[in-house]
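**Q** Listed below, chain by chain, are the residues.
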Amino acid sequence: MDAKRVRITGRGIAVRGNDIDTDRIIPARFLRCVTFDGIGEHAFEDDRRSLAEKGEIHPFDEPHFQGAQVLLVNKNFGCGSSREHAPQSLMRWGDGIRAIVGESFAEIFFGNCVALGIPCLRVSEADAQRLQSACEAKPGTEFTVDVEARTVSWEGGSVPTEIADGPRQAFLEGKWDTTLELMAAKDEIRAAAAELPYFDDWR
Amino acid sequence: MMMGKSLYEKVFERHAVRRLPSGQWQLLMGLQLLHEVTSPQAFAALRERGWGVMFPHRNVATVDHIIPTDNQSRPLADPLAEEMFVALSENTRDFGITFLTPDTGKQGVVHIVGPELGLTQPGMTICCGDSHTATHGAFGALAFGIGTSQVRDVLATGTLAMDRLKVRRIEVNGALRPGVYAKDVILFIIQRLGVKGGVGHVYEYAGEVFDRMSMEERMTVCNMSIEGGARCGYVNPDQTTYDYLRGREFAPPEGAWDRAVAYWDSIRSDPDTAYDDVVVFDAAEIEPIVTWGITPGQSIGVSQSVPDITEFPESERPMIQEALDYMALPPAHPIQGTKIDVAFIGSCTNGRISDFEEVVKFIQARGAKVAPGVRALIVPGSQPVAREMIERGWDRVFTEAGFEFREAGCSMCLAMNPDKLRGREICASSSNRNFKGRQGSPSGRTLLMSPVMVAAAAVAGEVVDAREYFQIA
Ligand code: SF4
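Chains as they are written, first to last, in the working numbering: chain A, 1 to 203; chain B, 1 to 473.
Rather than coming from a laboratory, the hints here were simulated on the basis of the structure.
No residue lacks a Cβ here, since even glycine has one placed at the ideal position from N, Cα and C.
Check the hints yourself; a few may be wrong.
As the list claims (entries may be wrong) - Simulated DEER-style distance windows between Cβ atoms:
{"hint": "1", "chain 1": "B", "residue 1": "PRO334", "chain 2": "A", "residue 2": "HIS64", "range": "38 to 48 Å"}
{"hint": "2", "chain 1": "B", "residue 1": "ARG387", "chain 2": "A", "residue 2": "ASP201", "range": "24 to 34 Å"}
{"hint": "3", "chain 1": "B", "residue 1": "ARG366", "chain 2": "A", "residue 2": "LEU51", "range": "52 to 62 Å"}
{"hint": "4", "chain 1": "A", "residue 1": "THR35", "chain 2": "B", "residue 2": "PRO75", "range": "11 to 21 Å"}
With the rest of the complex left out, here is chain B (with noise of 0.2 Å):
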């Protein structure tokens, strides 16, 4: 009998352009997605070797890492990041490729930016010199973090060579418990399987609890498949992604649309797809997540303790007295009540209008304030994110309660622009690394939770469990 395929298989098979002497395919990429810090050494070497790029129209560039999120006025005021953006300005001016820059009104983070203006579609293949690309796979597609190589490679190219991967299926069944989100249920199944427990595989997230969700809620978990060790992950296209897709700039015209469905259709996975391995667990299980450790994966539900090093088997002591040394969170107690310094909600994780939706709610009907002595900071990953969030006047409302509403980039997410934390500080983050000097300082610590998890902490100056500080119920 003939078993079903799944969507990565079907996806793959019709990229695939043909088999490479090393036994590796020639994959065909159906957009790649481009920013300030993985491009020019790639494309540096195009104009070196004097190729051509040779789809232009398949890529799209914007910048989102080194942008400052203050003033983003040219030239920026670090020369360096200036220089980046000048860059890629030039190289994109002269390959021909669209560059959405802080005044198209469109710039972003480049994992927003891409399912917002309708560019990601289910059933393409989307690479991205960025280990977050995963994030696309919310629409059914295969989106891959590459280096800047393979950058190289598909700018000349329009392919990449890649090895084909295993297939796990993870399906969460039931339903969340009020105040358990996307970016728990994320933390939850990298918890359980391990940080290096996708390698060699693609995730294909199923289930009742992903049939449910949004698109945004979709792209929060797919977005972390990298630290599960996942090169992708993805969910089958369904009305929920068609839904949102319609009528978005890039998305396909009215009169290709109902093509458009029937291919999208047809690469969903098959119900009789035999997969390489299923792992189910029960939505009931998971409670708000929270982070102790240097990995995405050293983490408990809100209610626990931060572990003692007794607890873990002899081989895995010194890497979690590593964490533990450097996080210096008291072992053995509650992790609520850890102070924190500075509160993040942003970066391609949580940087959506539904993060900052669930926050704005809570806080307006709590009247709450942010803790004093607690820098927090409300990142849009967008510009349209934050042009819709000051139309609804949530500026103000967050500028009332004494966060900072910024502009548009990754912001501190990562220590590429102004946005940094400063010697041994705390930050409860909506982001998705916490490792050592991730945020910027060599020294500084990083509790990644959910958006409203952070605000709660943000709010009370400690971390708590946002259900009762909330009264979510």
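Next up, chain A with everything else stripped away, as it sits in the complex (with noise of 0.2 Å):
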């Protein structure tokens, strides 16, 4: 697949609510695990659990939104733990969740999400409750988030959204992955520790 994460286009799945933590995103019993595969069927597990006991559904459940693409999201979602297995539950779910618009996300969330190469972006709350509104009221609504032009858009109008310009710029070049960008810098690496009066245990 491009690297580039330019335009995103899928269907919507709306997750109302704030504080949504990565523990409830994947319990942590699943995370006894030494790949993610296999991860993605256990998203959001226990409130889809507890929900199916009183008789409701969460809408990862809801046969109308398998498939869904574009996870649409409120306050501070991803907050608590680091691990990583919470988008990468995502990212493994049904056909993979492969961008997020919400009002906030957790910092580590969204840098673990940055790295998957799964652009999160922030709407309003009048602007969120618009997209998962319009989610809802028609399952199957396609959504487009566009990053270069930071908007989601849909057949019922289209918002504006932030992303911040290093991850927004990471995006569109498909640059993404860090960990080459890190290695282009050796030298300057190995100066930077030999500056370091402990980093050789203090000989």
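Build the complex from these two chains, which are given one at a time in their own frames, with help from the hints.
**A** Here it is, written out as structure tokens:
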């Protein structure tokens, strides 16, 4: 797949609520693994199950949201642990979540998403509601997340989004895989290490 | 006039390799701590791409999250846990990294082991694939929790891409009242500034309260910086820090000690630092704190009542309602008297010697016994902590009082090993997170509090004010 993330179009899925933490996105018992394979099917598992027990249904279980790729959320999404398992589970659920739009994101979660090539864009509270309502009113609605133009659009309209320049540029250029970029500076790294008094165990 | 610099700025600048095209900084990491949960995929990526580890000697690994605390003999009873243990053994062996297994007698929760061995030092950058890495900030290090892709970055290059953060100085002045502990101080700060209050910031903890604290207390505070939204938190190093470090296995050797101290002194925040923000609290305001909800910010003083939904602005109500529904504690009723099923003392927040020492003192003085029907776990944070407890005879004190004395690990802090809540159980816990399902049962409930408050709850069978219960004056 092309590493550039300029425009992403896919069906939407709304998961409402503020402060949805990483343990809810992927309960810790599913982290006992040495690869991320198969982790997608457990995304939101406990929330899904507890709703099912009450006779309700979580969006991730709704048949008409299967295959959705644009996740619509609210404030402080992904707070809690630094474990990358959370975005990994989302990108491995169904056809894979490929972009997230919400009011705000927890810092480490956002960084993990960048490293995996999943743009997270911020919208206002009112726009988050509009997007979620549009998605719920008509399941199957396609949303286009335009990283370049910083917008999210669908048949009912278009709203502005925010994303910091650094990550945006990295997505547009397909340079979100940081390891290669960091490796390019091997000599500078060694030089910086040599300057630190402790780096060689105080020798 | 030139303004002074904060420790954050000085250490950041000393470790900055270069500015990246993205606008972020490439930052050299002085130490990476590894554990079994967030490292296997990073090592797999290295193997896939044929990369080596750039600075093997700046990486140290241990097992903590998945390790059982009742029987650590191999193979581990849970095959998935065993597989993760094996993966870490192979990865550390193949890449030449020190692995502190249980046979070394040095294993434990990663954030307890680092400081205990003297690996954690002032003026370092430290990272670990775990959000509670901020713990190491107690030494005046910049310590960041990172994701697995970043673990890979640090293995391969010794560096990370980082944004520069703002610095908020949090001063707590005056004296803490008896029965109020470091845990209450950080729970109070999070209650006041909110679980998102620290986003984009580093917290510098300063003032009389932190100056007087022991290293272990400072670690408890820094540990929970992330629960307040701050990526890291630190205390400027001082004589307390140096006294703690001297003589530890990986601390600077005597010949280099003065050089080390000179470096550490040089990275302290200058008196004329221009902080992005300063918040000041009065220590006398703080009482023992208990959480009533599903975030560490949803807390009250032990003398207070669980809030009623009408106390909150309209916009916050759906979240509050969710927490109240999940916890099912009667609103507008005192939190005291809430029956508990389980008591847990341990974790990287409160699993150190001084935590247990304080509890032992009160248990012994009162000849206290765990209330019938309460399951109470004492889990040392590391093997050295466990050994010292046994040497001091505390294992017997606890067992005779009806507590289970376990082996070192994360245990009931999270649900990755056999120690778990069952069903709707309520746990009084010295750990750091009360998220839904955190302690292993999807409907299990957690009340965060200090170790002494947990012990009082274990003995009373319900939440009580430890100050009255143990007559702490
Ligand atoms: S004790 Fe808890 S918070 Fe600390 S490292 Fe272990 S699981 Fe994480």
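**Q** Sort out which numbered hints this structure fails and list those numbers smallest first.
**A** 3
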